[in-house]
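Put the complex together from the two separate chains, hints included.
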Amino acid sequence: MKTDDLIAMLASGATAVDPHAARKRFQTALLFGGVGAMALMMWGFGLRHDLAQAAALPMFWVKLTFPLAIALPAVLLTSRLSHPGSSSGRLWMLLPLPWVVIAAMAMAVLANATPTERMPLVFGKTWASCAFSIAYIASPVLIGMLWAVKGLAPTRPAVAGACAGLASAATGAAVYALHCPEMDAPFLAIWYALGMLIPTAAGAVVGMKFLRW
Amino acid sequence: MERNNTEGDGLLRLQAGEDRLRALLLQGLDGNTKAYQECLQGMGAHLRAFFKRRLASLPDEVEDLVQETLLALHNQRHTYQRDQPLTAWVHAIARYKLIDLFRARGRRDSLNDPLDDDLQVFASSDHDASDARRDLGRLLEQLPDHQRVPIVRMKLEGLSVIETAQVTGMSESAVKVGVHRGLKALAALIGVKA
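Line order of the protein sequences matches chains A and B.
Okay, so the first sequence: first residue is 3 according to the numbering used here, each after it adds one.
Okay, so the second sequence: first residue is 162 according to the numbering used here, each after it adds one.
This is chain B alone, in the form it adopts within the complex (with noise of 0.2 Å):
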């Protein structure tokens, strides 16, 4: 009986972390920044406590994949279905970066690790970050001009569309599509380095 209860409490905790990221997320693909960035945060806290349970014999690849990870959330955002439960979406796509890395690893094995239950991923956060070991900052450094420059007067000096492409002389289409190529890109390259 008491067994029954904690497990409805999990559950309980499971649905409303579900109901909180979710509502969060959809004003953050309306363009609300702020709501989108806490979204981030909180799923990137799950996702290290995923990652963890799950890499326990490589605890230095944990905070990397996260990273790679949030990297792959925010570049297929526009596959989120409003209507779809956001574990599902985000345990799919940790799942496949996740058995990325086991396959460039060459652990086959580690495979059979029963990662088909998508609640999971929600089922506990952990906000205590280490470092990454791969530093995106120097990856984002390989990237060409007309993406490098928008990202890092958008994404790190914080300017806007506007203001970027009056800085860079770049039209704020070109802006844009460089932020969203070189987003993509650096997510590429780390799929090479790693």
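Chain A on its own, in the form it takes in the complex (with noise of 0.2 Å):
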């Protein structure tokens, strides 16, 4: 086929394209994976018990707070990473931000903690479960998310894929904190954070794959 044979096939009966459609894409990823990671959650572990009398710590909102304030730029990021020539600034720079405060906060708390009582600060009664849950939780996002990702055009598909990951793991930590009766720093600092790596590897390997185009 001649190239010019190639354009004129292209062009004949090319339809006009929707301007929001990437918008709309994460938009339903979010949305279904919302409300998958919530389904996962309520089923296999539900709301935390205390949920009325903890939501009146701030310490709570904290937790909330902390993988919310990453989802939203990792989402944002995700986004400019799919569209080629879209310069992803400075938004890089706030990933890491949320968890520097909950360190340094962590960091407070150790401080002023006796020797014996920071081993339960770092650990609490769940540590051994939180990082998989965690993953566990995300994982509805990460399949919504990469699909979000499949439909444009990454041209980094590595870091698209882990980016999209780690939208996914913050999102299902925050699902996470509904249920998580862990209120200390240091705690969210180590496990939470653990458990959002995991799922911006999975989406790192997937993407390396699967994103390309």
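Treat the hints with caution; some may be incorrect.
Listed next, the in silico DSS-like pairs over lysine-lysine satisfying Cα-Cα at most 30 Å (straight line) [to be verified]:
| # | chain 1 | residue 1 | chain 2 | residue 2 |
| --- | --- | --- | --- | --- |
| 1 | B | 213 | A | 26 |
| 2 | B | 195 | A | 4 |
| 3 | A | 211 | B | 337 |
| 4 | A | 211 | B | 345 |
| 5 | B | 195 | B | 213 |
| 6 | A | 4 | B | 345 |
| 7 | B | 195 | B | 337 |
| 8 | B | 195 | B | 345 |
| 9 | B | 213 | A | 211 |
| 10 | B | 195 | A | 211 |
| 11 | A | 26 | B | 345 |
| 12 | A | 26 | A | 211 |
| 13 | B | 345 | B | 213 |
| 14 | A | 127 | B | 213 |
| 15 | B | 195 | A | 26 |
For the record, the hints were derived by calculation from the structure and aren't laboratory data.
Following this line, the structure appears as structure tokens:
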């Protein structure tokens, strides 16, 4: 086929393109992924029994804001990484910021604790399962986000996959926070962060293969 | 002083190319097929010059890569953000396809080529198309019927969506989906053959 014939073929009958197609795709992904994550959390874990009392404590909201403050820039960055030639600018820098704040809080808490108090602050009661639970709850969001990116054109598929993974992981962590009874910054700084790294790594690996175009 | 003038002229020419092709693309994205065809032709000429310069040692690959990139530009046209410079978008896609080719041929050294100046893609144009080595028409034949038939009817015979639906007995949405998925599958077939 000659190039001019190819061009004529591509142009003929080319229909109008919805300028908001990408945004709608991410909205669909987050809606279905979010509902899926809520369902996994409700059925597999359940809301924490003292949710009403916990909601009165500032730390509960810190625990919810921490992952959401990562999810928001991560979704935006995933979208930019999925659009060829779109610069990711300074969004990168926002990603570690919430963790840095939590880690600083953790250091302060540990510095003020007696040596015997420190172990429970770090390990809580659920350290062994926390990271895996977050990764599990994030999985529907991860599938949705990868589907959204797959319909676009990431020029760095592994990076876009990792970013989609981080966005999913952070969303999953926020949902898991509605179940999780842990309320100490040292616990969050370690186990929530580890939990978020699992889907991030999974996204990178899947992205490398599956997000090529 | 004279040098500055030439550079200034060059930049003006780049800007003019950007403005013209961007206006055509925006019309194309709103469904104006004539403007869209003209836009693809302009982009094809720029891509040819761009790839020729970077594939000096692989001249046979140029036209294949032009076609592959045009197909990618078309398949991914919904990822062009309307307030974005067109050069940045086209360059990013051309660069991605070029790196893909280098990777397929195991030529990592070529990646060191400075590819980062995205203005370069509209710096020159070349309308002298050589023959592609890979026959997209033949690849098209490998697609399943529900994708190949609507592409042939609509894209090669020039029927409308409604006419294609009537002739083939497919629903209008099946025709649109078939064309869309078929062109994506065609791009994927190229990746397999490369």
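Now the hints, each set against the structure:
1. B:213 <-> A:26: Judged against 30 Å, a Cα distance of about 38 Å means the pair is violated.
2. B:195 <-> A:4: 19 Å, holds
3. A:211 <-> B:337: Holds: residue 211 of chain A and residue 337 of chain B sit about 27 Å apart, inside 30 Å.
4. A:211 <-> B:345: 16 Å, holds
5. B:195 <-> B:213: 27 Å, holds
6. A:4 <-> B:345: 19 Å, holds
7. B:195 <-> B:337: Between residue 195 of chain B and residue 337 of chain B the Cα gap is close to 19 Å, so the pair holds against 30 Å.
8. B:195 <-> B:345: Distance of about 22 Å is within 30 Å: holds.
9. B:213 <-> A:211: Cα-Cα ~29 Å, so holds.
10. B:195 <-> A:211: Roughly 36 Å between the alpha carbons, so the hint for residue 195 of chain B and residue 211 of chain A is violated.
11. A:26 <-> B:345: Holds, at roughly 20 Å.
12. A:26 <-> A:211: Given pair residue 26 of chain A, residue 211 of chain A holds - Cα atoms ~24 Å apart, limit 30 Å.
13. B:345 <-> B:213: Between residue 345 of chain B and residue 213 of chain B the Cα gap is close to 25 Å, so the pair holds against 30 Å.
14. A:127 <-> B:213: Violated, at roughly 63 Å.
15. B:195 <-> A:26: 28 Å, holds
The structure is inconsistent with the numbered hints 1, 10 and 14, although it conforms to all the rest.
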